[in-house]
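Trainee: Take a look at the letters that make up each chain.
Number of protein chains: 2
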Amino acid sequence: MKNIIIKTADLDEMETRHRAAFVNSLGGFKSAVLIGTKNKEGLENLAIFNSLIHIGANPALCAFIVRPDVSPRHTLENIIETGYYTINHLNTETYQKAHQTSARYPRETSEFEATGLATAYLEDFFAPFVENSHVKFGCEFVERINIELNGTSLIIGKIVYISVPENCVEDDSFVDIEKAGTVTVSGLDSYHTTKRLARMEYAKPDKLPLTK
Amino acid sequence: MKNIIIKTADLDEMETRHRAAFVNSLGGFKSAVLIGTKNKEGLENLAIFNSLIHIGANPALCAFIVRPDVSPRHTLENIIETGYYTINHLNTETYQKAHQTSARYPRETSEFEATGLATAYLEDFFAPFVENSHVKFGCEFVERINIELNGTSLIIGKIVYISVPENCVEDDSFVDIEKAGTVTVSGLDSYHTTKRLARMEYAKPDKLPLTK
Chain A
1 MKNIIIKTAD LDEMETRHRA AFVNSLGGFK SAVLIGTKNK EGLENLAIFN SLIHIGANPA
61 LCAFIVRPDV SPRHTLENII ETGYYTINHL NTETYQKAHQ TSARYPRETS EFEATGLATA
121 YLEDFFAPFV ENSHVKFGCE FVERINIELN GTSLIIGKIV YISVPENCVE DDSFVDIEKA
181 GTVTVSGLDS YHTTKRLARM EYAKPDKLPL TK
Chain B
1 MKNIIIKTAD LDEMETRHRA AFVNSLGGFK SAVLIGTKNK EGLENLAIFN SLIHIGANPA
61 LCAFIVRPDV SPRHTLENII ETGYYTINHL NTETYQKAHQ TSARYPRETS EFEATGLATA
121 YLEDFFAPFV ENSHVKFGCE FVERINIELN GTSLIIGKIV YISVPENCVE DDSFVDIEKA
181 GTVTVSGLDS YHTTKRLARM EYAKPDKLPL TK
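One line per chain: the protein sequences are A and B, in this order. Take the first sequence: its letter number 54 is residue 54 in the working numbering, and every next letter is one higher. Take the second sequence: its letter number 204 is residue 204 in the working numbering, and every next letter is one higher.
Just so you know, these hints were derived from the structure itself, not from any lab.
Straight-line C-alpha distance at most 25 Å; calculated PhoX-like pairs for lysine-lysine:
(1) A:Lys-2 <-> B:Lys-195
(2) B:Lys-195 <-> A:Lys-195
(3) B:Lys-2 <-> A:Lys-179
(4) A:Lys-195 <-> B:Lys-2
(5) B:Lys-179 <-> A:Lys-195
(6) B:Lys-158 <-> A:Lys-7
(7) A:Lys-7 <-> B:Lys-179
A few chain B positions that, by computed beta-carbon distances, are all more than 12 Å from chain A:
(8) Gly-42
(9) Glu-81
(10) Gly-83
(11) Phe-112
All values reported here derive from a predicted model rather than from experimental measurement. Note that beta-carbon positions come from the ideal geometry of N, C-alpha and C, so glycine has one too.
Make a model of the complete structure from these sequences and hints.
Mentor: Okay, structure coming up:
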């Protein structure tokens, strides 16, 4: 393949949407999830995010980035107001509706209703889950870290309630999310299924790379 | 699919490696990248990370999580010492060697040499790129944000030098990383190729979800 080189000055000259598409592509394949929330008046909200990251396993922590200037700010308001939210994996059946939650619906609109994604309330967990997400979990809000550079925030939560398909949990507790139908996203709008190449053994300096 | 429910008390009781495998799986498909650095004495370092996130397009910012208590701390030391690092996508040819960089090699070992991944120095960019990565970019260190909760840090960088295959850049500047052979990771050790379902149109409240 012949490569082209793009530098800061080239990025500066790009049209805004082109730059957004280009720079978002560089992040690789990302986790696309729906975050479900509810405010104290009971109004539900659902928004797609593609910046979920693992922070730690003990305690179980994850985080995502919010831009306070765009639509999913309702998600942030609800999380801070109530302390709870759900994270729901996209799959081949739900990804188009999930993408549609990124439209700028008015405050009083539930994206569950607007897009036709059904809610699920599990036991006494406060925030709504997505019924048709196979892998989903509930989080307690822990910390908001503001990134002054560009006005975004990292929202950290503790994973406290998890629902996963029983037949996707392997002997070592790895969850086969490909088997569960989870999809991945690249750039801002490209959705993909996956095909496993291999699971790799825990790497040690004196061994060659080994597949499980 | 029949789902099982796991709560905080269940996580607490899991064996450490099982909990790590389980909780890491919940993050969905993630971006797996090799981060290349060099210290002031010229010693090169290469380490795999699966927590890359997009922070913003203007300026072009990305971030990743480091755990100071584990092997890739050499990456962090070099970034802080020199201010530069490279981020290199994994592909089907390189992912096994890339995984092998997670082994705890001694400080004086270059993971480029130990795993057989060749370096590439592009123009006058300080840090080494991975020759066989098709999508790669150079970053300037911008900020370290410590997450007190579990001792991890978010490392934010500005993307200043990008090399991508010319035939993978589409008309709207989206980069087709699937065409470039980029792979994705789930959990700690499962690598996957992808197959595109669709690119979606920019979502608007008065339209149904539309594919491009």
